[in-house]
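Colleague: As a plain string of letters, each chain reads:
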Amino acid sequence: MRDVEDAPVARRFRFVRAEELPAVERSVAPPDKTLSMRDAVAAFVHDGDTVCLEGFTHLIPTAAGHEIIRQRRRDLTVVRMTADIVVDQMLAGGCVKRLVSSFVGNSSAGSLGELRRRIERADPEPLEFEEYSHHGMVCRYQAGAQRLPFLPLRSYAGSDLPGVNPALRKVTSPYPGPDGEPEQIYVVPPVNPDVTFIHAQRADRLGNTQIWGLTGVQAEAVYAAKRAVVVVEEIVDDEVIRADPNRTVVPAHAVDAVVHCPRGAHPSFAQGYYDRDNAFYRSWSHISKDAERLRAWLDEWVYGTRDHAEYAAKLADHFRDHLAVGEALSGQVDYGRRL
Amino acid sequence: MRDVEDAPVARRFRFVRAEELPAVERSVAPPDKTLSMRDAVAAFVHDGDTVCLEGFTHLIPTAAGHEIIRQRRRDLTVVRMTADIVVDQMLAGGCVKRLVSSFVGNSSAGSLGELRRRIERADPEPLEFEEYSHHGMVCRYQAGAQRLPFLPLRSYAGSDLPGVNPALRKVTSPYPGPDGEPEQIYVVPPVNPDVTFIHAQRADRLGNTQIWGLTGVQAEAVYAAKRAVVVVEEIVDDEVIRADPNRTVVPAHAVDAVVHCPRGAHPSFAQGYYDRDNAFYRSWSHISKDAERLRAWLDEWVYGTRDHAEYAAKLADHFRDHLAVGEALSGQVDYGRRL
Amino acid sequence: MTTAPPPAAAPGAADAPAAGATSSELLAVVASRALAGRRTVFAGIGLPTLAASLAHLTVAPGLEIVYESGVCGAHPAQLPETIADAVLITGAEAVLPMATLFGAVLQGGHIDVGFLGAAQIDRWGNLNSSVIGEWERPQVRLPGAGGAMEVMANAREIFVVMRRHTPRSFTAELDFCTSPGPDRALADGIRPLGSGVTRVVTDLGLLERAGAGEELRLTAVHPGVTVDQVREATGWELAVADEVAVIEPPSAAELRLLREDVDPGRVYLR
Amino acid sequence: MTTAPPPAAAPGAADAPAAGATSSELLAVVASRALAGRRTVFAGIGLPTLAASLAHLTVAPGLEIVYESGVCGAHPAQLPETIADAVLITGAEAVLPMATLFGAVLQGGHIDVGFLGAAQIDRWGNLNSSVIGEWERPQVRLPGAGGAMEVMANAREIFVVMRRHTPRSFTAELDFCTSPGPDRALADGIRPLGSGVTRVVTDLGLLERAGAGEELRLTAVHPGVTVDQVREATGWELAVADEVAVIEPPSAAELRLLREDVDPGRVYLR
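Protein chains in written order, with the working numbering: chain U, 2 to 340; chain V, 2 to 340; chain C, 5 to 274; chain B, 5 to 274.
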């Protein structure tokens, strides 16, 4: 330690000085994170990025995938538990070099034509595929969200998956097992996407995001990512969010942009807003089976629409006649206030 | 494999036969898990058991602790993140041999007299104390709930706690660290209490339990336990629960008993039902500082009351005058129904 | 080897065996009976949902159906078309995040019976739902593990329903082991919680095994099916129980419930 | 060694230094200024809440206050009395389960500044909140770690507010290290995310350090306090900056906000 006996007392003080304080009013606007989908994709998705789109059957961020196709992003690594129609479309759009997933199928409605061509025949080019199980992916998101080097899970023992995926490894527990012997368990590494897109029913402009119905793995996927974009059916006033804070699945501090995009989850559903387009799921197996037909579909529905509003407008009658839902209200709870 | 060429085809078939089927009506009642607190404690708490009581400041299951004192259980291991007033009372009741906790204090209101006498002076007897941090306890519950041999967390590095708690150990990650070198991390073992008690706002008779406001670590503590008892302000119809399934923090399959016990969380609070009794928290430091005064308090409020209804009745005016809360409704969301 | 006569109909009884049950109805009914007394079942869409729903109305009134999507205690107003169908959520008892579903409910050991399907099954109850051919460049890329591996490792026992019992699906050697039974897990040095596949219901009959160290064994056939037929439809030398039962056909009551209450729209009862 | 003159008052200005600030007000104001431009703060009850609330009204309007209980973006109608006070929940932006709070928010690295208190602090910013004396049979059993260890390990930096700067609390050797700074963590072979304690605000002045490898250094004193006073109140040979500043006293505007908006009931401004 150097001698400080005669350190001068000075006014060089780097705290904010009183006269620098902003006007002491609550009028200072909180950060408004709303962006158009075009701007959000332009800002947060770059060629070569790792892009996560989450939503388990419910609230699939399809519109985000379509905008990535429109903006012709290339060499993406796509991370998604259930690689389904939107992934098949992104593959067909030539955006994807590598896929990280735990299920590659068109739900129970059939096949993903482009994905199968890529994997089975390297047509038009090979697809790098890193395969997990669902719980493995959930743990990867959790590890990523929690800044952990790994998480253990009771899967993979005896499976052929570790043989084709070197990221699946074993750890010996430092505690004795049930039989007193050392116990082994498989672990997965974290995943930290450059950006995660999720779709949700509603958010405020700060990014506080509320989801009901299936909440899936959305919170973990957002927390795992370096950036997060929330696409919503509705942007609502702060007061709506703050009336029911337990409904907030993703808090503002984890969100970088809020995109207002009604019906942006089609052909999946948004609980309480519109139903799943099961007919489209079934038809996708036929559309995607034929590479030409799939290109024509993309030309009409993605490249041929300026944005998702135009896509949804083309489906307006279909939404009204087939996907509209009736009302089933949740009831209210009382948070109470101090008297 | 033995020769099965001439295995006789017989009617020895152990499936339920058609004529054994019960009447094919939905009238079969689902299991009703409601019990009185007395019966629940009698059934699920035995001398020497490991008993978890959870609720982080909110919804502390005080009434359960009091009934354990009334039934004079002995040699318990108590697991609770914030060992506070109810733990001090159970210590004074002579129920507790060992404490597993991450915070031993009367919130910000002062001290726990009995706990300090036990730890500082072994008066009237020593207390075995297994000490963690909050996140360590959260991970222990998670590991217990998820049947994992351990969970890693980024705590404990450099702390003196591992020196006094041999359960805190290190694991080397099988993946290289950020600098390419092997990475170490601390882990905690699971905790699996014999029984967990939590307090909640409401449940149905099957055990589906809804909590709003702080939900803490209740779900993990329930899933970690061999048995779980949910104490509630209200037992409600199935329809109330099922109108808002996202509000269900603990599903029926994890619950063994539902106890109806209004105001059972006093002196803590139940969001929307009654406020925290801050005056009681402050007074506890004085009550518990004097062993005689503490015994007198137990005689009057625990041994001297038949059950929590009697305890709460003694406080009826206090609840009305000081702990009542006004209304702040959550608003409703729409779950939708197929048309 | 003889085939047992069809069971005698109880004349006029509501539970009398019914004529004209389809293969789907047969499988659903047989699987539903196997759920007698169970507390929790992890079900996929299709036959498992039909079986679980029927069991809920008959042999297992307290049965809680858990879906991979996180739905517990569903009470759908309509038959669900996917495991995440909106009708499963509205009116459910609980909807859990996937981390809770996979971590606490499934890995935590709360599932009594899990239903799984597969493209291939071997004699030890190991399942393949990943690829036909080599993983790196498969002839057919199938959907993969999903949560099947976790159901296999963590449910107390597994029921498999296979619409078509053929040597290609009942194979001596899997092209790829997606969801390993306990024998393979033990060989990998890890003891799983459950017994693995304990029952396989097919269009020909029923195979059973009790757990680690045991292979699947034919224990029952549908009326009119011979043991040799099953043997020929199986890609390995099939073990057969000392006594092979004949499965009681669906009763009129079971069929009525299935057709009128469980799947009135005939979504899965094709 | 000289003491700087008090800063000149800007006559008639709303932000003029105010006379008669209490010690609590002084600490809250100084701590609030240090939050300028921060995004998220993890605050306990008492002075940290006052400081964060004041910063929210002044230097950090976008500040999100996160509480250990799981509350994010609280907008309490009354001043909270605990970190789990019901008034923090009603009207909050989010209420998270503790597993999310500790796992994703804190360990995930979303907290810019964490406030911690302690019974003892050493020159490297290590903290003791567990015991005075030996752990096994302490003279005084303190509450223990709670979440303090996690805040220390995972917040980008830590502010400590100590009402009384004494040699007993600013000690050469902790009785027990509850919440270790990065130097101790590194010695244990693990690199923490944050810098550990970067600022300690006391009734005498301000100590600062930048991160691992650095010790706390006196950088500023309150008006009227000498460097020697601080040195005598510190239990180790205190490092002192080349130039020690005098802390600008609370302005009239800051005090007005603190007294009228933040804590009108004088719950903590004792």
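Bear in mind the hints are in silico, worked out from the structure with no lab data behind them.
Any given hint might turn out to be false.
[Stated by the list, open to error] What follows is a set of in silico ranges between Cβ atoms, one per label pair, in the way DEER data are often shown: (1) Q333(V) - H319(U): 21 to 29 Å; (2) P171(C) - H287(U): 27 to 35 Å; (3) Q143(C) - G164(U): 16 to 24 Å.
For every residue, glycine included, the Cβ atom is placed at its ideal position computed from N, Cα and C.
Colleague: Next step is simple, just say for each hint if it's right about the structure.
Modeller: We went through each hint and held it up to the structure:
no., hint, in the structure
1, Q333(V) - H319(U): 21 to 29 Å, "28 Å, holds"
2, P171(C) - H287(U): 27 to 35 Å, "30 Å, holds"
3, Q143(C) - G164(U): 16 to 24 Å, "19 Å, holds"
Every hint, counting from the list given before, is met by this structure.
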